[in-house]
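As given, the protein sequences belong to chains A and B, one line each in that order. Counting from 1, position 152 in the first sequence corresponds to residue 299 in our numbering; the numbering is continuous, with no gaps. Counting from 1, position 143 in the second sequence corresponds to residue 711 in our numbering; the numbering is continuous, with no gaps.
Honestly, the hints are just simulated from the structure, not real lab data. Treat the hints with care, as some may be off.
Chain B residues, not near chain A, derived (Cβ > 12 Å throughout) [stated by the list, open to error]:
1) Pro581
2) Thr596
3) Val607
4) Arg617
5) Met630
6) Leu638
7) Leu639
8) Gly650
9) Ser654
10) Ile674
11) Arg687
12) Pro715
13) Ser728
14) Ala762
15) Val763
16) Leu778
Covered by chain A, according to a simulated footprint, are these stretches of chain B (three or more residues, beta-carbon under 8 Å) [what the hints assert, rightly or not]:
17) 690-696
18) 729-737
19) 746-753
All values derive from a computational prediction rather than experimental measurement. Beta carbons are placed, not taken as given, at the ideal position from N, Cα and C, and that holds for glycine.
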Amino acid sequence: MIPWGDFLLHFVPEYMPRLLDGLRVTATLTATAFLLATSSGFVLGMLRREKRRLVATPVAAYVNGVRLVPLLIWLYIAYFGLPTIGITFDSFTAAAIALGFYGSAQVAEIVRAGFEAIDRGQSEAAMSIGLSYVQGVRLVLWPQAVRIVGVGLGNYLIWLLKDTALASTVAVFELMAAARQVVYETYVAFQTYLLAIVLYLVISVTLAHIVRNLERRWTRYVPVLS
Amino acid sequence: MGSYLSDLNQWRPYLWMGVVTTVTVTLTAIALALLVGTVIASLQVSRLRSIRIAARIYVESMRGIPVLGLLFLLFFGLPNLGIILSPFEAGVLGLGLSAGAYASEIIRAGILEVPRGVREAGAAIALPPLQVASLIVLPIALRKVLPPLTTLAVTVTKDSSMVSTIAVADLMLQTQNIASANLRGLEVYLTTAAVYVVLTIPLIVLGWSLERRFSYTTRVGALMRARRLLASAGFDSVRASRESET
Numbered sequence: 148m149i150p151w152g153d154f155l156l157h158f159v160p161e162y163m164p165r166l167l168d169g170l171r172v173t174a175t176l177t178a179t180a181f182l183l184a185t186s187s188g189f190v191l192g193m194l195r196r197e198k199r200r201l202v203a204t205p206v207a208a209y210v211n212g213v214r215l216v217p218l219l220i221w222l223y224i225a226y227f228g229l230p231t232i233g234i235t236f237d238s239f240t241a242a243a244i245a246l247g248f249y250g251s252a253q254v255a256e257i258v259r260a261g262f263e264a265i266d267r268g269q270s271e272a273a274m275s276i277g278l279s280y281v282q283g284v285r286l287v288l289w290p291q292a293v294r295i296v297g298v299g300l301g302n303y304l305i306w307l308l309k310d311t312a313l314a315s316t317v318a319v320f321e322l323m324a325a326a327r328q329v330v331y332e333t334y335v336a337f338q339t340y341l342l343a344i345v346l347y348l349v350i351s352v353t354l355a356h357i358v359r360n361l362e363r364r365w366t367r368y369v370p371v372l373s
Numbered sequence: 569m570g571s572y573l574s575d576l577n578q579w580r581p582y583l584w585m586g587v588v589t590t591v592t593v594t595l596t597a598i599a600l601a602l603l604v605g606t607v608i609a610s611l612q613v614s615r616l617r618s619i620r621i622a623a624r625i626y627v628e629s630m631r632g633i634p635v636l637g638l639l640f641l642l643f644f645g646l647p648n649l650g651i652i653l654s655p656f657e658a659g660v661l662g663l664g665l666s667a668g669a670y671a672s673e674i675i676r677a678g679i680l681e682v683p684r685g686v687r688e689a690g691a692a693i694a695l696p697p698l699q700v701a702s703l704i705v706l707p708i709a710l711r712k713v714l715p716p717l718t719t720l721a722v723t724v725t726k727d728s729s730m731v732s733t734i735a736v737a738d739l740m741l742q743t744q745n746i747a748s749a750n751l752r753g754l755e756v757y758l759t760t761a762a763v764y765v766v767l768t769i770p771l772i773v774l775g776w777s778l779e780r781r782f783s784y785t786t787r788v789g790a791l792m793r794a795r796r797l798l799a800s801a802g803f804d805s806v807r808a809s810r811e812s813e814t
């Protein structure tokens, strides 16, 4: 612990760039995992709505199975487990894959919830005017679901940002790892970790503020939510 | 496959020790989270604006930071201030403080669920405030609160794996030790994944059954019960209105 004056005047200017380097990796990892999770999660979410058992059961098992296992396990499997059967990734790729895999199940649930919030009559109406399944989803259901799904994805993004901190355990040099490195060199643990946490806090509060505004604007007329 | 089973037999005592620690950490953290959640929720519905804002700041900042960061701050950071916590204490404290913020949101929603009129009716028949809370507000609020709390308990169970990073010998840390001692990492981690699923399933089943029991009765059922209670306490107009309904 160093005096707060010294901390603010000398320590922060000297070590902040290091933390910001870490933050850059955090941002890249968050963005990569977000793209992986949303693209695969969207497909899974659509399959989850399927009524045929042959499709619905395995997808439900996947979605629930993945979500019940701690993210840390998936990270370890991707980075330490897969190499034992000959599949090796560098730490960033392994972390992105694990986060994306874990997130795909969460996004699938968000997508499913978005479509479930729409009145059944809408899809029946789409069918009865002769639209195909794809047309019905694209022209009738999706424009209504997109707002609910969008808010859900915004909240997921905030979760993901915080979850990337765990990537430090598989040697990704993101914000948490950068903070740890500074602590090893300076022994100033409390203030360094506090600084790192405040960085997370600033970003997630900003994102939460944006999501809340979108939510207010977008879901004002959604019956189940208002 | 035969060798997997014999290996599993070797790992079993270590995994079992890990499970015991994980369950202990999780249950203690949930207890702490309920305590923190109740206190913060009651502060959030306080009449004083400054208290409400302070509680709000607590919730927002806990929700905005990674649990891992909080664990590091408590375990590695606090010794700088002369406060030394054991790994177990730091782990439980971190998980509990974080989950407490989420619990407070759930509990607050439960408190707000109770219509003001019901509370006023309790006061009107001269029930002491403590009895208004325990006989009227709590039974109604619990129905709203319990199902989401089981979901939170599942999250805490999964998040408890993070305490392995501050040297609590939980299921996750035991698994890492086993995995680093042989070349069968994938099998060990998949085994542990299955163990975590087994640990969370009772909570999920509990959540489902609570949800099924409470969901359609939430409003009508709880109000009816509160009315019945008021009626039996001699509140005539309620009895009259109930009889006219039936």
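Tested hints:
1. Pro581: holds, 20 Å
2. Thr596: holds, 18 Å
3. Val607: Correct as stated: the minimum Cβ-Cβ distance to chain A is 22 Å, above 12 Å.
4. Arg617: For Arg617/B, whose nearest Cβ neighbour in chain A is about 20 Å away, the distance exceeds 12 Å, so it holds.
5. Met630: violated, 10 Å
6. Leu638: The assertion about Leu638/B is violated, with a minimum of 7 Å to chain A.
7. Leu639: Violated: least Cβ distance 10 Å, not greater than 12 Å.
8. Gly650: violated, 9 Å
9. Ser654: holds, 16 Å
10. Ile674: Non-interface label on Ile674/B holds, nearest chain A Cβ at 16 Å vs cutoff 12 Å.
11. Arg687: Correct as stated: the minimum Cβ-Cβ distance to chain A is 26 Å, above 12 Å.
12. Pro715: holds, 16 Å
13. Ser728: Violated, since 8 Å does not exceed 12 Å.
14. Ala762: Non-interface label fails for Ala762/B: nearest chain A Cβ at 8 Å, not farther than 12 Å.
15. Val763: violated, 9 Å
16. Leu778: Nearest chain A Cβ is 18 Å from Leu778/B, so the label holds.
17. 690-696: violated (count 0)
18. 729-737: Coverage by chain A holds here, the residue count being 4 at a Cβ distance below 8 Å.
19. 746-753: Held - the stretch 746-753 of chain B has 4 residues with a Cβ nearer than 8 Å to chain A, which meets the minimum of three.
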